[in-house]
Amino acid sequence: MLSLKRQTDTARPLFRNRYADEWVGLLVLVALVVLIAAIIEAGFLRQWLTPAGRIHFVLPESGVAGLAINNDIEVMGVHVGEIRKIDMNEAGRMSAEGTIEPQFERYIRTDSTATIRRRFVVAGASYIELSRGQGQPLDWGFAVMQANVELNPADMIIQTLRDVRARLLPAMDNVQAITQQAKELLVDLRAGKGTAGELLSKPETAQHVNQLLLSLNTAIQNVQPLERKLDTTLQEANGTLGNTHIITGDLKKSTPDVNAIMHNTALSTEQLPQLMIEAEATADSLRKMTDQLRSLWILGGSGSSKVKRRLPAYEVHP
Amino acid sequence: MNKTYFFSLAALLMLGACSPQRQVWEDGQYSLAMDTGHTIFNRGHMSQAAIQYNRALQRALAANDAQGIHDAGYNLATAQLRQNKLDECLATLDQVGAALSVRDWRQQEDLKLIRSYAFYGLKRWLSSEKEARRALTSQDVETQEQAYTVLGLNAAATQDKALLQEAIEHLSQYKEARAKSNLLELQSHHYLMVHDWSNAATFTGNLTKMREEAGDYRAMRRALLLQSQAYDGLGDFDKAAKLRRQIQDSVQNDNAG
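From first to last, the protein sequence lines stand for chains A and B. One point on numbering: in my numbering, the residue at position 85 of the first sequence is 85, and numbering is uninterrupted. One point on numbering: in my numbering, the residue at position 6 of the second sequence is 6, and numbering is uninterrupted.
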């Protein structure tokens, strides 16, 4: 111990700072301040101070589709919370409780829907997908939503196949029955049973068909002269059409004359109203003259008053 | 000698020219339409006559001439009645009656007569009788005659013997040929009504002849129908059937109007 003390006394210290402890304390304080500032800046403090919203999901009776504690809750594909608890009440209904980050609470409203899905459609962890709502805000004092399980495509395919099978089997049975009946029918036909069978099996039928064909052949031979006559008639019609064409050409040539005639007619017609007016005026003059003659006392007229123009009463009868 | 004749004729014409000219003003187009209508009416073309009378009526309305409205309306309604266009006839009478009432024209009894015949054609017997009684107040003798005739026809249709007798009595006072034929028609109805088939056949035969001579073929067909009824009553069904066939022929070939 003495030797150590001697050596210490004799050795010169490498670094001496009279305020080293103060500096260390200051450094620790600065570090604490920086740490607090970083925490505030990162928002952790706000998160810690703001409690997460709690939401209760009433799960379907058919099952929870593999939903488990710590499964995700997503809104619009964003992770917004987790399943914290899964309970079963006395009635046997299952419910789940989850937390929602406060900043996403405004997207979850009364018209939002909760769907339990699997991460990889048919496999993977389950999660609850919440749709964005537009209705009234939820009561975050005790928010409850009904959760549905998204149909599993594999289950749907299996169900569809079951349905197809259920429909196909009776149809196949029917086809078998029809085939059997067709087979029996053919057998009967071959055996000459029934009206159709008799028709097919009887040699008279074939004879009738042959006779029919012969008649048809005769009829065709009779039609052939008619066809020749028709050809002649068509040729004549063609000639008539040619004549018509020539007549039309002549008519076309005479059109200028017709136009002139029409022009003259139009001019004459223009004068017709004038002629009519003149005729009416002449008739009026004649009538006046007749009236004057009638009124002459020398011709037995009274020379007074208006001419009676009413029909005699004896003309009134059915 | 020739000079004497010439001067005498000239003197007569000059005297004639000196006669008082108190001609009442008349619209030329109205007069022309009325005269044309008369000519066509007398030839039996009722539809064409109606066109002319309608033109005259419009002209009279344009000229605000009450006498013209009355005469043209009366003629137009008569032409429509003769065509058996009874609804049009009544519409014309309504129009003319309203136009005359506006112009304080009271003498509308002759229009009532036409209305009475129109109602008779529509089988509205009571209305027809009512209008005929109004027409009886007319000062025009012909109108009275025709009013009694339609009264009698109504009575025959409704089997009213008393009214038919009344019409016959009044109509027998008139001497004109037209009135006599109307009287004969009413008497024929009377005999048919009392089942005096023999007299009915005689009277209807005479009536048919009178109507035929007067050129009123529609009235002649009515008389033929009455005659066939009389022969039915006598039991001569063959004769009755022949008469009906004659009516059919007359209807099919009568293009008048």
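FYI, nobody ran anything at the bench for these hints, they're computed from the structure. Keep in mind that a hint or two might mislead.
A short, non-exhaustive set of chain A residues, derived as facing chain B with CB atoms under 7 Å [stated by the list, open to error]:
#1 190
#2 193
#3 196
#4 197
#5 257
#6 310
#7 311
#8 312
#9 313
#10 314
#11 316
Ideal Cβ placement from N, Cα and C applies to all residues, glycine included.
### Query
Out of the numbered hints, which ones does the structure contradict?
The structure conflicts with hints 1, 2, 3, 4, 5, although it agrees with all the remaining ones.
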